[in-house]
Amino acid sequence: MSSVVEHVASDALYVAQQKVYPREVTGRFRRLRTIAATSLLGIFYGMAWLQWQGHQVVLFDLPARKFYIFGLTFLPQDFFFLTWLLILAALSLFFVTALAGRLWCGYACPQTVWTDAFVWLERITEGKRAQRMKLDKAPWSVNKAWRKTAKQILWISLALYTGFTFVGYFTPIRLLLAEIIHVDTGPWETFWVLFYGAATYGNAGYLREQVCKYMCPYARFQSAMFDKHTLIITYDADRGEPRGSRGRGLGYKAEGLGDCIDCTLCVQACPTGIDIRKGLQYECIACAACIDACDSVMDKMKYQRGLVRYSTQAAVEGNAPHVLRPRTLIYGLILGALFVGFVYAITHRDLVQTDVLRDRNALYRELDDGRIENVYAVRVINKDDRPHDFRFSVEQLPNAQVESDPVLVHVAAATVASVALRVSAAPLANGGGHDIRIIATASDAPQLRAVSKARFFSLAVDAEHTRGSDDFGDFHEQRRH
Amino acid sequence: MATPEDELSAVQWSRLREDIAVVTWSSFLVACIATMLFFAFIDPIVLADALNHPGWLPNRMGSYALGFFLFWLIAASAAALTAYMLDTSREHFSTPQGNNRE
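Those protein sequence lines, which keep their order, are chains A and B. Residues 1 to 481 in this note's numbering are what the first sequence lists, from first letter to last. Residues 1001 to 1102 in this note's numbering are what the second sequence lists, from first letter to last.
Keep in mind that the hints are not guaranteed to be accurate.
Unchecked claim - Here are the computed distance ranges between Cβ atoms for each label pair:
hint, chain 1, residue 1, chain 2, residue 2, range
1, B, W1013, A, K144, 40 to 48 Å
2, B, V1046, A, F60, 14 to 22 Å
3, B, L1057, A, Q131, 53 to 61 Å
Derived from the structure by calculation, the hints contain no laboratory data. Ideal Cβ positions, reconstructed from N, Cα and C, are used throughout, including at glycine.
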């Protein structure tokens, strides 16, 4: 155990640095974080390559303005769902925060996950904390140059591959790869790959936890979701104080010392460079590195683990923990309701939608047989993953005839088609505008139908009509009769 | 005088550096949301049609990028002005005893 103290003492000389060199730790929370980071990175890099039903499982096809997400196709008209999803995500974050503090920051935030990846690359090229500090202080040498170069090559490669994968969620990734191989990428694809790559490189390679400290909005307002029962990382001051180094074999309690041997390993392990023993600070991203560091020391000292541990303010004060409390219940209820609503809305969403616009040039036209014709421009939006042929009909207009060219309008999967629709009927008992409903029905699936409201303008039955009307002025003139 | 505790804590960013980082980042987030909202409702191709295809308007992908950077610029201008005014107000209105805002 004296080796721990000695090792720390030699390291302490290097602590006053301009930059944070977090000490590498091992332990159960480090393992958990590695599992979380690996799975999340695996999902990000892997999912782009999954194909389903002829297209990428997740593809935000911006050039075509179509989003494919797990077999569902969304068009810009479905923007509502995306908004809903973002609200759901935000609320989940609030809920988790109220319950378990900054779990998101420590385990799942992309900033943390990519920083972990970049730190790992740094470690395999430049070595552990003390080696890196020494290397940075040392004059340039072949060893230093090649280690730094190797690190940069790995960093830049990972950053560029991240940029490539990111763009691969907006442009089909297989196509993008082929373009890159043939050096034939579009200017904007190239630009975004480099842009996102540079952002990854800067954020994960250099800014790291400074992003959390200085730039992250969540870090500033997460405390609003906290209460006495929120899971936090805490130093047990009652047990630890008074801290101090101690000789081997002496009864430290007899000396009046607490369990903290003041080895500062928890401070060295901290990526944000804070001292957890000063209490909870907003810089703490709850990565639990200090817990692992302290536990390893406690094990060596043969003290009980948990001098630094996950706990709650209430538990530290000796009160019983409460998971169910108004805050978590309310967040949970709202979250549950929104989630159920979201699933219902997604599964019951209209796969067909129509927009009807009246022809602006003519209010109505009188046909040779005395019938009155109105023309509409109809946009049919087919969000299904299959093509359909649509037939049109009209409701709330007696004896209406509907003509479209062609009669069956073909709309490919996840596309929008426009068609001119001519609706005619005998003059109505009272002239002017009437509310009608225009219905598009898929010929192969009658349950796929969309209803749109429209106005139908007509002459009155008894109106004097000697000529057709081509504009609004004529319409008013005729109304006066 | 640096105490041992100061030596242990990470070095603080300068105010200017923090301002630049916060302005860049917060305006970036807002620009992302603004771009998403704007282009969810407006198709650049329809927009180009409406403007009679001006030469400076690029294709769809280019328009998204142009829109994004325009939003970023606008948001960053507002954020930079805000940061500047908050910083300077602190100097101008501080009492002889020190800073009255903190």
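>> The hint says 14 to 22 Å between V1046 of chain B and F60 of chain A; measuring C-beta to C-beta, is that right?
In response: 19 Å, holds
>> Range first: 40 to 48 Å. Now tell me if the beta carbons of W1013 of chain B and K144 of chain A are that far apart.
In response: Since W1013 of chain B and K144 of chain A have Cβ atoms about 27 Å apart, the given range 40 to 48 Å is violated.
> If you check the beta carbons of L1057 of chain B and Q131 of chain A, does the distance land in 53 to 61 Å?
Replying inline: 54 Å, holds
Checked against the numbered hints given earlier, the structure breaks only hint 1 and satisfies all the rest.
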